[in-house]
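Asks: Okay, here's what each chain looks like letter by letter:
Protein chains: 2
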Amino acid sequence: MIAGIDIGGTTSKIGLVRDGRVLAQTRIPTTGHADDHAFADALAQAVRALAGTGSFPELTAAGIGAPNANQLTGIIEMAPNLPWKYDVPLARMVQDRLGVPCVLGNDANAAALGEWRYGAGQGYKDLLIVTLGTGVGSGFIVNNALVLGSHGNAGELGHMTLVMDGRACTCGRKGCLEAYVSIRGLRQTYTELDGDPEVLREEGVRCIADAAHRGDAAALQTFRHAVRWLAVGLANAVVVTGPQRIVLFGGIARNGDLLMAPLRERFQEALLNIYSGRVDLTVSALPDDDAALLGAAALTTF
Amino acid sequence: MIAGIDIGGTTSKIGLVRDGRVLAQTRIPTTGHADDHAFADALAQAVRALAGTGSFPELTAAGIGAPNANQLTGIIEMAPNLPWKYDVPLARMVQDRLGVPCVLGNDANAAALGEWRYGAGQGYKDLLIVTLGTGVGSGFIVNNALVLGSHGNAGELGHMTLVMDGRACTCGRKGCLEAYVSIRGLRQTYTELDGDPEVLREEGVRCIADAAHRGDAAALQTFRHAVRWLAVGLANAVVVTGPQRIVLFGGIARNGDLLMAPLRERFQEALLNIYSGRVDLTVSALPDDDAALLGAAALTTF
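Going line by line, the protein sequences match chains A and B.
Residues in the first sequence are numbered consecutively from 0, following numbering that gives the first Met the number 0.
Residues in the second sequence are numbered consecutively from 0, following numbering that gives the first Met the number 0.
Treat each hint with caution, since some may be false.
It does not matter which identical chain is used: a pair holds within one copy or between any two.
Derived SDA-like pairs: lysine to any residue, alpha-carbon spacing no greater than 20 Å straight-line [unchecked claim]:
(1) Lys-84 to Gln-267
(2) Lys-173 to Met-163
(3) Lys-84 to Gly-171
(4) Lys-173 to Gly-194
(5) Lys-173 to Glu-268
(6) Lys-84 to Thr-169
(7) Lys-124 to Ala-144
(8) Lys-124 to Leu-71
(9) Lys-173 to His-224
(10) Lys-84 to Ala-41
(11) Lys-173 to Asp-18
(12) Lys-173 to Arg-265
(13) Lys-173 to Asn-272
Simulated from the structure, these hints should not be mistaken for laboratory data.
In this text the structure is predicted, and so the values were computed from the model without any measurement.
Bound conformation, chain A alone:
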């Protein structure tokens, strides 16, 4: 049995995983702890409490997915969206507390591994998983292995420059794919298109999708733009690793009619001819609630 831990900006989820299934799960706040050590204490305590609630087999390992995590070093590197603005060697900290081997990985890489091992990527030698959320994350599987890069930080498709001198991105640069097709990006597009400010009183992009379904012109146009940008961004990834399949993950991708259907068309148009018809595009096959935990657990098995 493996503990899968998914660290988010506000909440961290903990699950007990066996054979690709989440047997039990709980969550703790990510914020509000005295420091990173106190957070690690709380994490370990939550894992132990969860494992103690049933007749679970022995815990053999823990996998942690977190933003800005470096799989080669086991360190969360100055994550802008987490409470600790310094390097946190969380793999070692959790390993010391739980007494089992612990692997820390980038959250997008974890999602990629989960999808590859248990989801829509099963059996694909060359695969790309793109997470559309607050940010845009990605994990590349090449030749049956996750691409980590020489410093453990490969697979940042969200920060591919899509428009030179384009929109400001949270990374401090301009024109990144993430600035256009993340939740923030879609909301910005809607605003730029003079959409109804009332619509954006709700968080996320569901509110824009709902508006589009009501016939709101700016909302429909927002998705059209997102489709176009995403089609080019994905086609740009294809020329590098030539994957057979791309899996999209995250709430934005669940908009079949507004996003996926037109995206499939635009993506094929955007592809270099030698890839035409050779890369398919699909949505995550994992339950939203379990995917991050399964992915984190999958980190320990590669």
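Given chain A, work out where chain B should sit, using these hints.
Replies: This is chain B only, laid out in the frame that chain A set:
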């Protein structure tokens, strides 16, 4: 001893390679043969003639680098710049004629392997080699292996979209990196900047570099633009595979003052912060005349 064969649009070079050195070489025209079979005959004959001129050890294999070659199938797939506008299974054709195993690979991949095995890429686990020539080719080494992709056609950085709705590219799409930083691209930039038409009466980009050295404003600006585009294109590749080193290959890259020096600066600026100072940029360490042959030979050893 390995025969390294480099098939170009007008000329094909043949070399005998051992221990990373070209022992002897010759060339035949690529064009003017009755058909692909006649060309394969001529190739095989040239190899045999070359091997017969000295007391060379026995030929053990042949490696062929060619545009539009698919390493997984051994086929040159409808190459727009070669005389045969259909699929040519050249690996098998040469193997049958020479009686030794033959590997066919994309010419940019061959250059990458040559550079990785014998040149500036030696010892790098994660490497990117970009060839700046008539086109822009690339080969990605990830985790000590060449990235071929699910259909053998990965590594086409030249056809990454750099400018949406940008310049027409020879591939039929718009705004590809190749449309901006190939020989053709630089010449087009010079024309668009109202450069002196007399300068372009000479082929290639040497003429533009010479003009820049004479203080020609459009020529200087042409290189400045190329640097900027290339910096973004390379930074876009880095976010995918996170290489430790990038090696540039081809005549354009030999312009140290006009291209490489400013490029090193702009490239670091273009990089996402997590890669800052972690990716170095250098020029091929292989002799221009030998590189393609060594690369083709290297195809047989991986």
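Asks: Indicate, hint by hint, whether the structure satisfies it.
Replies: Checked hints:
1. Lys-84 to Gln-267: neither (41 Å within a copy, 23 Å between copies)
2. Lys-173 to Met-163: For Lys-173 and Met-163, the Cα distance is within 20 Å both inside one copy (7 Å) and across copies (15 Å).
3. Lys-84 to Gly-171: within (16 Å within a copy, 47 Å between copies)
4. Lys-173 to Gly-194: This pair counts as neither: shortest intra-copy Cα distance 23 Å, inter-copy 30 Å.
5. Lys-173 to Glu-268: Answer is between; shortest inter-copy Cα gap is 11 Å, intra-copy 25 Å.
6. Lys-84 to Thr-169: Only inside one copy: Lys-84 and Thr-169 sit 15 Å apart there, 47 Å across copies, limit 20 Å.
7. Lys-124 to Ala-144: Result: close both inside a copy and across copies, 8 Å intra and 14 Å inter.
8. Lys-124 to Leu-71: Between copies only: 14 Å across chains, 22 Å inside a chain, cut-off 20 Å.
9. Lys-173 to His-224: both (18 Å within a copy, 18 Å between copies)
10. Lys-84 to Ala-41: For Lys-84 and Ala-41, the Cα distance is within 20 Å only inside one copy (19 Å; across copies 65 Å).
11. Lys-173 to Asp-18: neither (42 Å within a copy, 46 Å between copies)
12. Lys-173 to Arg-265: between (24 Å within a copy, 14 Å between copies)
13. Lys-173 to Asn-272: Close across copies (13 Å), not inside one copy (29 Å); limit 20 Å.
Hints 1, 4 and 11, counting from the list given before, are not met by this structure.
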